[in-house]
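Student: One letter stands for each residue in the lines below.
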Amino acid sequence: MKTLKILHMYADMLDLYGDSGNMEILNYRCSMRGIKCETDKYSVDSDMPDFSSYDLIYIGGGADLEQQHISADLLKCKEGIVKAYNEGVFLFLICGGYQLMGKYYRDADGNEIAGLGLFDYYTIAPTSRKKRCIGNIVIQTDITGEPVKVVGFENHGGQTQEVKTPFGKVLYGNGNCCASEAEGYFEKNVIATYLHGPCLAKNPEISDYIINYCINRGEDVPVELAPLDDKLEKDCRNVMLERLLK
Amino acid sequence: MKRLLILIGKIIVKMLRLFKRNAGNLPGIILWHLSGHKCVSMFKVDCPIIAVTGTNGKTSVTNCIAQLFEQSGKNIIINKEGNNLDTGICSLLLRHCDMKGRVKADYLILETDESHVPVVYSQLKLDTLVVLNFFRDQLDRNGEMETLIQKINGFCKTFEGNLILNGDDPNTARLGKANPKNKNVKYFHAMPYAFATDKAFEASEGRFCPFCGESLEYEYYQYSHIGKFSCKKCGFGNYEPYITAEKIDLEKPVFTADGFEYSPKLNSIYNVYNMTAVAAAAKLYNIDQKITNSVISTYTVNNGRMENFMLGDRETTLNLAKNPVGANMTLRVMNETSGEKELLFVLNDNVADGLDVSWIWDINFSIFERVTRVVTSGTRAYDIAVRIKCSGFEASKIVVCPELDKAVECLAETPGRKYVIANYTAVQPTRSALKRYISKHGGKSE
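Heads up: the sequence lines are chains L and Y, in that order.
Residue numbering for the first sequence follows the working numbering, starting at 1 and increasing by one per position.
Residue numbering for the second sequence follows the working numbering, starting at 1001 and increasing by one per position.
Misleading hints may appear alongside valid ones.
[To be verified] According to the in silico footprint, chain Y covers these stretches of chain L (three or more CB under 8 angstroms from chain Y):
hint	stretch
1	6-17
2	187-199
3	231-239
[Unchecked claim] Mimicking BS3-like on lysine-lysine, the simulated pairs with C-alpha atoms at most 30 angstroms apart in a straight line are:
hint	chain 1	residue 1	chain 2	residue 2
4	L	K231	Y	K1397
5	Y	K1151	L	K130
6	Y	K1199	Y	K1181
7	Y	K1074	Y	K1183
8	L	K234	L	K149
9	L	K76	Y	K1177
10	L	K131	Y	K1157
Hints were generated in silico from the structure; no laboratory data involved.
Using N, Cα and C, we set each Cβ at its ideal position, and we do this for glycine too.
Working from the sequences, and respecting the hints, build out all of it.
Tutor: Put into structure tokens, the structure is as follows:
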């Protein structure tokens, strides 16, 4: 079977709320199915990688300070990432990674950090640092073809606006802006979201959407993913759904 | 006005006592509102105040420093119940002041929450601030860690008292440069112990120099981001230690600091750091060496911090883990024990824990050695079960028992060595559950 090639960007700087756990989960779910995963790491000091040679590019979230550190470096990668995205490489982006792919991020002091401009949305942090969207969040997404409730944890000041195709509908929590209806950004090869927790921990359908996309990209004969025993994950999610939605 | 507030406060304390209620925090909260949020400004304290702050180890170090002075025959006031916010400290002082708000003691030793250091000590004159470490902890309550460090750094910019800092934590060592005029900055430091590594072992903070942005280089890591670091570009980290722990042997356990040998009761590297901070305070205040020795060598805790129990004939150790660093330390101690063992992990997500439990993904469970079964419990029993499963531990060996008494029964069912990790609000209920098991089935607690 095909090997899944992953590029984990800025793992040493953008890793908040267990975001690196997402990679551990994808690796685990692949290994249970005999799919090999190869992960390369890219950070500020690394050589420029061939972004198009990967199946998945992953960027986690970080504190403001770390985000400033990487934004200039990320711009250097713009050409490669745009090309990879156009060729169908999957982009999985959490929080800061999500924000930096938009037009810009304006911080609490009014400084604008340029984004890659891959997508049309932009993010503005409220002038008060105390105003943040913090807490458990439940969204419903249809990306797998069926409604799936996704549970995570959000903590962001930035308000992301002009999102045309969100990842899901907010059932509990804030989403892209304080008390907003929509959460994240989605295209068939992009999941960008504020959900930490990590995002994939209790949401095996989302992990499998990503894996399924990656192993079938460019294949003529579709490959089916072997089902896994997800009882623990689903029980885990149900405990939170019971608590938050009832 | 101040006198009126003191009078009101004292009446509230008396009333609460009358109804046999704990006056730990409530009087302070009421005065906080009445005083325009400056609830400790009404007290007049003439004696030196020593404050201890940091993510891990505050309670231990505060208690030990208090013992240094107590055994020296001094009259001290300490917030023993861990009421470490401004309101808790206000309640404490209300109980110890006269009607004019004067607090009579030789020393005040105050455990102080990281985020409350500037609040409290802009109102009370601080003699010494001890800063132990900064780790990811309850991020959602405090906002980002950088904000927290900035707050304390802001306070340190004008502080001219003694600053005892962990020189092996870049997050705390940086505070030493906040006020270039302060000549009373003192760093404590430890030489590598047997399990120190040359690579970071766990997810860690502070990878970049806060002054020039360069990656920090480490000669060795003791645990997490604690170790001998320096910035090759601007020289951050090149300081002369005030006190150094060396010849650390945790098997015995024994270490020396400033040439004096200590045999602590607790065998962890973080205890060595805590006790080195205590030794630094002892040195600063010229405590008799015999007393320092007795405090460091006898200090132990019966509050779920490496506390031992016998569940029937099953040897069991309970440890509190408020964050990945604490949990990783317990896993290391487990691995350093030979033979097979089982783990009970109790995870809650109450307000005091921080509502978010994603920190469990920064625990490195892949290092598990000879762990034959895991039981999980608490309000987030399933989250920790999923986390351990995804580290590669076989799902069939994980038992989820959200209800604590059942979880303890389940743990004790099989023979062998047991370890229990519980987070902040879980630790006391877990102790009680272990004790209930013992009173029902036999065994003993320390």
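Student: Taking the hints in turn, state whether each one holds.
Tutor: Now the hints, each set against the structure:
1. 6-17: holds (count 5)
2. 187-199: Contact hint for the stretch 187-199 of chain L vs chain Y: holds, 3 residues under 8 angstroms.
3. 231-239: holds (count 5)
4. L:K231 <-> Y:K1397: Status holds; Cα separation ~14 angstroms.
5. Y:K1151 <-> L:K130: 14 angstroms, holds
6. Y:K1199 <-> Y:K1181: 35 angstroms, violated
7. Y:K1074 <-> Y:K1183: The given pair, whose Cα atoms are some 27 angstroms apart, holds under the 30 angstroms limit.
8. L:K234 <-> L:K149: Holds: K234 of chain L and K149 of chain L sit about 11 angstroms apart, inside 30 angstroms.
9. L:K76 <-> Y:K1177: Judged against 30 angstroms, a Cα distance of about 34 angstroms means the pair is violated.
10. L:K131 <-> Y:K1157: 26 angstroms, holds
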